[in-house]
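Asks: One-letter residues, chain by chain:
Number of protein chains: 2
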Amino acid sequence: MYSFQELSEKFNKEFDHPHFPESPNTLYAPGEYFLNIGGKRIRPVMCLLGNELFSDIHTDAYQLANAVELFHNFTLVHDDMMDAASLRRGKTTVHIKYGDNTALLVGDVMMIRAYEYIQKIQPTHLSKILQIFNSTAKEVCEGQQLDMDFEKMEKVSLDAYIEMITLKTSVLLAASLVMGAIIGGASENNCKQLYEFGKKIGIAYQIQDDYLDAFGDAALFGKEPGGDIKQNKKTFLLIHALEVANEQQKVDLYELMKSETPDKVEKVLAIFKACKVDAWAEELKAKYMNEAFAHLENIAVVEKRKQPIIDLAHYLMNRTK
Amino acid sequence: MYSFQELSEKFNKEFDHPHFPESPNTLYAPGEYFLNIGGKRIRPVMCLLGNELFSDIHTDAYQLANAVELFHNFTLVHDDMMDAASLRRGKTTVHIKYGDNTALLVGDVMMIRAYEYIQKIQPTHLSKILQIFNSTAKEVCEGQQLDMDFEKMEKVSLDAYIEMITLKTSVLLAASLVMGAIIGGASENNCKQLYEFGKKIGIAYQIQDDYLDAFGDAALFGKEPGGDIKQNKKTFLLIHALEVANEQQKVDLYELMKSETPDKVEKVLAIFKACKVDAWAEELKAKYMNEAFAHLENIAVVEKRKQPIIDLAHYLMNRTK
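Residue numbers (this note's numbering), protein chains in the order written: chain F, 1 to 321; chain V, 1 to 321.
This is chain F alone, in the form it adopts within the complex:
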């Protein structure tokens, strides 16, 4: 068995090659550019971990891992266009570097490339994997649409936000584990438990994301925190603050959301702290982590096989960037 760290290294090595043909260079060079700017590669490693939970890693798990990483990168290229983002991982985004039209096509062709990797999976598993991959892909698009819809709404409920995050982020994490598990020969019931584990981990992951963007240590975070606050993004923190704040704090928050004053981040953070949003977020994250681990416990394999997945969960939750 491999540790979470070893599998990360193995995947990074395996992924480090061109994923597209050379020609037409005007389409594929921008695609390779984006795949080479890095990333945590969490989703593909989850495919390998899902397989390893039940049996030795099959070569198909690598095809699947490539597919999932290509799909994830497709969503990033198109999301960056929708968000008009100029930087991703500190590098220029595809649409800024190569123009909107090429970025649109680069995203499209990355998704197709993902399906090319799926297609290489042995026929016995192909149909089932394709079904999960398709329904997950659709849900990710639905999550992105809801995220855009929420931007136009003054208030979003916590439940609605969690539903959006589940679609936009959690289901792909959960499906990565489960598709890997199917290649590993997992039973239907074990897959169900693993899927629930992945979904809960995904929500905890997003809480950590939102938390770091507000309260992260700039030196460790790699960039100045407060990006979400500047953009008035509806995060776990803002949604909860608007729910628990007193009347004056609410008025101040809505005022700050309309303003672009230089001390906006500082002032919003002060209200967050006064509302104890930071402690609440930590508690909520712990709640989802506990629920996730309860599902993991229900999976009928010897405990030591679960260790790499437990290590992954702790890595995701304790990360500082």
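These aren't lab readings, by the way, just hints derived from the structure by calculation.
Every value quoted in this text rests on a predicted model; they were computed, and no experiment measured them.
One thing to keep in mind: the hints can contain errors.
If chains are identical, the list can't say which one is meant, so a pair holds when it fits in one copy or spans any two.
What the hints assert, rightly or not - Here are the computed lysine-lysine pairs in the DSSO-like style, where the Cα-Cα straight-line distance is at most 30 Å:
hint, residue 1, residue 2
1, Lys97, Lys152
2, Lys120, Lys306
3, Lys155, Lys97
4, Lys128, Lys230
5, Lys306, Lys223
6, Lys321, Lys120
7, Lys152, Lys91
8, Lys40, Lys230
9, Lys233, Lys97
10, Lys304, Lys13
11, Lys276, Lys192
12, Lys273, Lys304
13, Lys306, Lys91
14, Lys192, Lys120
Go by the hints and put chain V onto chain F.
Replies: Frame of chain F; chain V shown alone:
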């Protein structure tokens, strides 16, 4: 056996239902809107014709036909964005009606929906169909990129244009026939001949497209011809005119391409006619048609099974819009 006309009617009836879930409505209503604005539905009918050439139509051919039509519509939604087109089939395009971000996601989710239809094909054929579908999808994106690259070039050779059209248009027509044929149980050699038939028909189809846009009868064409000329699109006609024109005509053509004078279309058409571009286009179309039919003759099935495909080819080549 069904005639080409009967299969068109059968497909239109079969396709006439919602292809997406209801929620989120902000994503899926725009998708349904676009699928409902019509279209010739040539590609899905080619899937059925490809199947019928070899055996009675299997339900899988309808799954495939749905997939191909969804894929084609995905390319239209994204192409309309890239071309900044405001109308498609006389109706407002998705990005104009619902905004760029939604149009981007609608295209994405249409492609995923196409793969959902593919996924329903029986396991014996799934892997092969998925392989052809993927490689064709990639080629269509490559063709679109080349088309955009050509827009920035002053001169494009006829060979380069044919290569671009082959990728952007022909391969999907050819693959539609062949994937249908695979479901119908065709041999590898018959598939090869059918693929070449489809590719040649695709090029003849584009010649007809370019011809109609310049020389079409406005009353039959449904819109004023000359759209390509106004946009300086590198068509079969313009490329050939620039190859055979005398020095003065070339100077005039390049001058006209830079201008937006009200008689631009009229003047370009006069040069086209002086260069006998219309007769040349008719001849070139006939050449590709003949080559296509030679491949169809090589297909080892009784002649009467070929009649619906022959009817389709004649319909495509003699259409006035």
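Asks: Between Lys128 and Lys230, at a C-alpha cutoff of 30 Å, which is it: within one copy, between copies, both, or neither?
Replies: Neither: 43 Å inside a chain and 50 Å across chains, both beyond 30 Å.
Asks: Classify it for me, Lys306 with Lys91: is the Cα-Cα distance of at most 30 Å met within a copy, between copies, both or neither?
Replies: Intra 36 Å, inter 55 Å, cutoff 30 Å: neither.
Asks: Within, between, both or neither: how does the pair Lys97, Lys152 come out at a Cα-Cα threshold of 30 Å?
Replies: both (28 Å within a copy, 17 Å between copies)
Asks: If the cutoff is 30 Å on CA atoms, where do Lys120 and Lys306 land: within, between, both or neither? Let me know, please.
Replies: So Lys120 and Lys306 pass the 30 Å test inside one copy only (28 Å; across, 34 Å).
Asks: Between Lys155 and Lys97, at a C-alpha cutoff of 30 Å, which is it: within one copy, between copies, both, or neither?
Replies: Cα proximity of Lys155 and Lys97: across copies only (26 Å, versus 35 Å in one copy).
Asks: When no copy is named, should Lys152 and Lys91 be tagged within, between, both, or neither for a Cα gap of at most 30 Å?
Replies: both (28 Å within a copy, 27 Å between copies)
Asks: Check Lys233 against Lys97 for me: Cα-Cα at most 30 Å, and say if that holds within a copy, between copies, both or neither.
Replies: both (25 Å within a copy, 25 Å between copies)
Asks: Treating 30 Å as the Cα threshold, decide for Lys40 and Lys230: within, between, both or neither.
Replies: Answer is within; shortest intra-copy Cα gap is 25 Å, inter-copy 48 Å.
Asks: Within, between, both or neither: how does the pair Lys306, Lys223 come out at a Cα-Cα threshold of 30 Å?
Replies: Neither: 34 Å inside a copy, 65 Å across copies.
Asks: Since the copies are identical, ignore which copy is meant and state whether Lys304 and Lys13 lie within 30 Å (CA to CA) inside a copy, between copies, both or neither.
Replies: within (26 Å within a copy, 56 Å between copies)
Asks: At most 30 Å between CA atoms: does that hold for Lys192 and Lys120 within a copy, between copies, both, or neither?
Replies: both (25 Å within a copy, 22 Å between copies)
Asks: At most 30 Å between CA atoms: does that hold for Lys273 and Lys304 within a copy, between copies, both, or neither?
Replies: neither (40 Å within a copy, 80 Å between copies)
Violated hints, listed in ascending order, are 4, 5, 6, 11, 12, 13; each of the other numbered hints is respected by the structure.
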